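Be aware that the sequence shown starts at 3, since it is given in our numbering, and climbs by one per residue.
No lab work stands behind these hints: they were computed from the structure. Some clues are possibly wrong.
Unchecked claim - With beta-carbon atoms standing in for the labels, derived distance ranges:
hint : residue 1 : residue 2 : range
1    : I78       : T106      : 23 to 29 Å
2    : W124      : P44       : 18 to 24 Å
3    : E20       : G58       : 32 to 38 Å
4    : D11       : T50       : 26 to 32 Å
5    : T135      : P44       : 27 to 33 Å
6    : T13       : G83       : 29 to 35 Å
7    : Y8        : S119      : 26 to 32 Å
8    : Y48       : Y8        : 18 to 24 Å
9    : G58       : Q33       : 17 to 23 Å
10   : H22       : D73       : 16 to 22 Å
Said to hold, decoys possible - With a straight-line Cα cutoff of 27 Å, these simulated BS3-like cross-link-like pairs (lysine-lysine) come out:
hint : residue 1 : residue 2
11   : K136      : K40
12   : K97       : K16
13   : K16       : K136
14   : K16       : K40
Quick caveat, the model's predicted, so the values are computed rather than measured. By construction, the Cβ of each residue, glycine as well, lies at the ideal position given by its N, Cα and C atoms.
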Amino acid sequence: MDSVHYLDDGTIQKWDGECHFGWVLGGRAIQDVWIRPKRPAPSTMYGTTLRIFDPGIDGWHIIWNDPLNQDHSRQIGRAEGSDIVQLGSDSCGLKTRWRFTEITADSFHWIGEERSSESDAWQITYEHFARRTKP
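With these hints in hand, go ahead and build the complete structure from the sequences.
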């Protein structure tokens with residue numbers, strides 16, 4: 003994947019990276035691992051997400067954790083049209099919105115946004131452009 007980080011001062015950082023997705027817990031959840039930059043370089047982000055579907059809310063309970071940066075987030079995810087939208091909050095107390103868009107069998111565009119209150123506009127902080135490299 004190609005990653006873009008938009009900093010508050012207007013600086014833009016770019017990395018390559020990798021992400022791996024798979025069914026876990028007997029097919030009851032999806033887990034992914036995100037690594038940036040791509041190995042074997044020392045990672046600046048190495049995290050995992052666990053997504054567990056809850057038919058009672060018709061959505062996914064989502065838990066993200068990046069132990070390198072002591073960053074974590076809890077969200078609820080649902081389909082919105084052809085996108086997947088996850089809403090919640092992070093370890094700094096910011097509201098988060100993560101969107102999977104332009105989803106195909108071989109690629110997706112992930113947009114990470116945050117804001118400090120409901121009245122603030124969403125600010126894009128990260129984008130990931132992922133593509134399948136192996137079947």
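task: Report the numbers of all earlier hints that the structure fails to satisfy, in ascending order.
output: Numbers 2, 5, 7, in rising order.
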